[in-house]
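Protein chains: 2
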Amino acid sequence: MAKQLDKITPRATDFSQWYTDTVLNAKLVEYGPVKGTTIFRPYGYAIWELMQKYLDAEFKKIGVQNVYFPLLIPQSLFNKEKEHIDGFSPEIATVTRVGDKELDEPLYIRPTSEVLMANFFQNEVRSYRDLPLVYNQWVNVMRWEKTTRPFLRTSEFLWQEGHTVHNNPAEAKKLTLKILEIYAKFAREVLLLPVVTGRKTEKEKFAGAQETYTIESLMHDGQALQCGTSHYFGDNFSKVYDIKFQNKEGKLENAYSTSWGVSTRLIGAIIMTHSDDNGLVLPSAISPIQVRLIQIKDTDEVLEATTQIQKQLAGLRVDVDKSDKSFGFKISEAEIKGIPVRIEIGPRDLEMGQVTISRRDTKEKNTVALKDVQSTVKIMIADYDRALYSNALANRKLRTSTASTIEEYVQKLQDNQGFVLVPFCGRVECETEVKQKTSTNSRCIPFDVEQECAKCFNCGMKSTLKVYFARAY
Amino acid sequence: MAKQLDKITPRATDFSQWYTDTVLNAKLVEYGPVKGTTIFRPYGYAIWELMQKYLDAEFKKIGVQNVYFPLLIPQSLFNKEKEHIDGFSPEIATVTRVGDKELDEPLYIRPTSEVLMANFFQNEVRSYRDLPLVYNQWVNVMRWEKTTRPFLRTSEFLWQEGHTVHNNPAEAKKLTLKILEIYAKFAREVLLLPVVTGRKTEKEKFAGAQETYTIESLMHDGQALQCGTSHYFGDNFSKVYDIKFQNKEGKLENAYSTSWGVSTRLIGAIIMTHSDDNGLVLPSAISPIQVRLIQIKDTDEVLEATTQIQKQLAGLRVDVDKSDKSFGFKISEAEIKGIPVRIEIGPRDLEMGQVTISRRDTKEKNTVALKDVQSTVKIMIADYDRALYSNALANRKLRTSTASTIEEYVQKLQDNQGFVLVPFCGRVECETEVKQKTSTNSRCIPFDVEQECAKCFNCGMKSTLKVYFARAY
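So the protein sequences, as listed, match chains X and A. For the first sequence, the residue numbers in the numbering used here are 12 to 484. For the second sequence, the residue numbers in the numbering used here are 12 to 484.
Do not take every clue at face value.
Since the list gives no way to pick one copy over another, a pair counts as held whenever it fits inside one copy or between any two copies.
Think about it this way: if two alpha-carbon atoms lie no more than 25 angstroms apart in a straight line, the pair counts; the simulated BS3-like pairs of lysine-lysine are [unchecked claim]:
#: 1; residue 1: Lys374; residue 2: Lys64
#: 2; residue 1: Lys336; residue 2: Lys259
#: 3; residue 1: Lys196; residue 2: Lys408
#: 4; residue 1: Lys259; residue 2: Lys333
#: 5; residue 1: Lys189; residue 2: Lys64
#: 6; residue 1: Lys72; residue 2: Lys38
#: 7; residue 1: Lys336; residue 2: Lys262
#: 8; residue 1: Lys112; residue 2: Lys93
#: 9; residue 1: Lys466; residue 2: Lys250
#: 10; residue 1: Lys255; residue 2: Lys38
#: 11; residue 1: Lys71; residue 2: Lys38
#: 12; residue 1: Lys184; residue 2: Lys112
#: 13; residue 1: Lys93; residue 2: Lys189
#: 14; residue 1: Lys466; residue 2: Lys71
#: 15; residue 1: Lys71; residue 2: Lys341
#: 16; residue 1: Lys259; residue 2: Lys18
#: 17; residue 1: Lys93; residue 2: Lys308
#: 18; residue 1: Lys333; residue 2: Lys185
#: 19; residue 1: Lys72; residue 2: Lys184
#: 20; residue 1: Lys333; residue 2: Lys38
#: 21; residue 1: Lys473; residue 2: Lys389
In case anyone wonders, no lab produced these hints; they're calculated from the structure.
Based on the sequences and whatever the hints tell you, model everything.
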């Protein structure tokens, strides 16, 4: 578009407005005509495609099979699992009509597909030999939201949802944790998010699950964001949906199931973790363009050098800004789009056999000999990725604290702390009370923190858990 | 599953039942709980993934950008384009409620996304410099169908829909035809379907389009199947949805648009073209498993030979049947799944340094020296693919005829002819009459057939077109 780029509100002035400005200016999404829906523009969708490609390959390595289950779920089927339906009922978009004809039974647009999968597994599973079934689908789902924000909370979003069924609980639990490990590795090594891993409290776990494991990330403003969850259902769903298998002893046994998902929300997480007042800063692995070449003039030398650089950088995602926009506009646009490395190719530099290479995060500029472009870019991208991760980790550490009373906790929140580790009794009622008092909730019971005996930070009863509480998106 | 494979009804006895038996026995799909929906099992979805991978790469080569537009379309927006809505209104699933709350305005589940795209383009396009926009999305769509059949006609299906907008009609028309060329190449070289290409008659073209181009395939039973379409809209949608750009002369001009799509229906096309009474026969390029290894015994020699063959066939999709089923069951299953090549590895063969290689279509078996497996398989797959195409082409030629009167046409249909080339006046009313008389319609006005002056086969008025008519799915 020829439209001028709009000004991005500084992050320190208004984080929320900064986020919206960044998302729209980088042309990741546009609002859809139905409230709470977004249109993924090419640049936003390309990020999602890169995420999909990585995760899909990781899933396939451990034997996950992709499937596609229908969008619509009969109301009666969905309502079988009371706990599950209670978790979703206010958010469910319902089809009641086709053309002019009212349907006999309302149909729900999937908010998630546990019940359809369970219904399928019921017919599919006969013997322990049929198991495990390890399925995943990349689909759209709908959960009507009152307040929405691109990527973070939208009425329709894209995700992958894995659903598996096993003939023994140990295998199912192991898979639940294996998936969490894949998510954590993906978050840390690809998205450069220093996530905390752990399990959810009784109150926060997924409707119908025995255990929910989670990766939690801290945004630049100190608010937490749940980035992916993996649920172990035990035989909860199997009991309700009658998924039985004949075990080795010839007896009927309820099957054990899991589900797990990450969504386009991850795009929101990388924006709110790495980006700055000039726009996006994207981890190189999921940046649709890793290096942008900007030609200062159209001379033969410049064109020739461009070709040579493209050859040197084969294997990276490189593009050339061929627009008729001004040089300044091109620089701003490369920054707004969060392209890790920018190379300016101009006649004056070329006279000395060099070009200018800039790094998106630090704005550091180097003039580099043409022959060294490949090695310089390679090192620069590795440094850049390392810096993104370590800055995010530093922010998380800076914003992680402890509290032993509710007063102290509230003070820490006021001090703009992120994760606050507190001793907690684990009771649903107690957590509900904390939420009423502070509008915050637990993020996870971290794996790597020792659980010591103490008093609950809120109710003073015996605490058996150390739990991260935080404000969250 | 441990369930016994069911018997497949012979193709000659009941083509329709053969199709259903084949689809279910090969475990491509299962019926969903909502009428007219199907569940894509892993094997069926894997075929779709291979199709997607090929086409997506072809699209990207010509600059297509993937996007994602919302599932739901406000009723008022959809209803702007009268001709378009008329084409879809009886089939549209409508969301009227979220949770317990009635919506102010009903929302349609997309049957296709022209109107959402048009609405977006309206805001996006300002100058001729902003164009073209060449978008595509891989999504689910819904069109409620009275009678359904897996892949061919289902209430929900998966497809890609391309939507583009241009600043001149020539470029838009060229793209429409370029896409048709990609579709035809894909059908012929990957799916091994000898499709006929051409454009649709006035009656059969897409709602709102100026021209619809199509690839049409003939199934083994002589019925036609539309396999992909590419539409040129001229400025029809732009006028209705107000997509204007400032042209080089500084004047406002309506933009020119196209759309195009292929769907999971293509899986139905390959089944009904290539498969036989023993189950699927899959083109090697989209066969999730290209070579299946069956071990006759578990001896060390067999295991060692298996590893050696896997190494030789690296690069192909090879698996080993590790199930505890009987040898006979394993053979049947490899056939039902349409795996192009099967290799039986047994101690007796290995004593002579050989294995037995079978080809799915001809059932031809060869004993081959272990060291020659790679070259034999390579040649066998190439021969196999060539045979699939040439058999399908022979069937199409055998079932293609001409007629110059409606009586002759009806006779040809009775003789179980497929495509019947007739002189046709092109009028909607005349084609409607043909449909009423014969329950058939036109498939396309083929590109490669000379249009000669004659009398319309039905009404006797002046004919300007030679058109393929046929029974169709």
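Problem - Violated hints, by number in ascending order, as checked against the structure - result: Hints 1, 9, 12, 13, 14, 16, 17, 21 not satisfied by this model.
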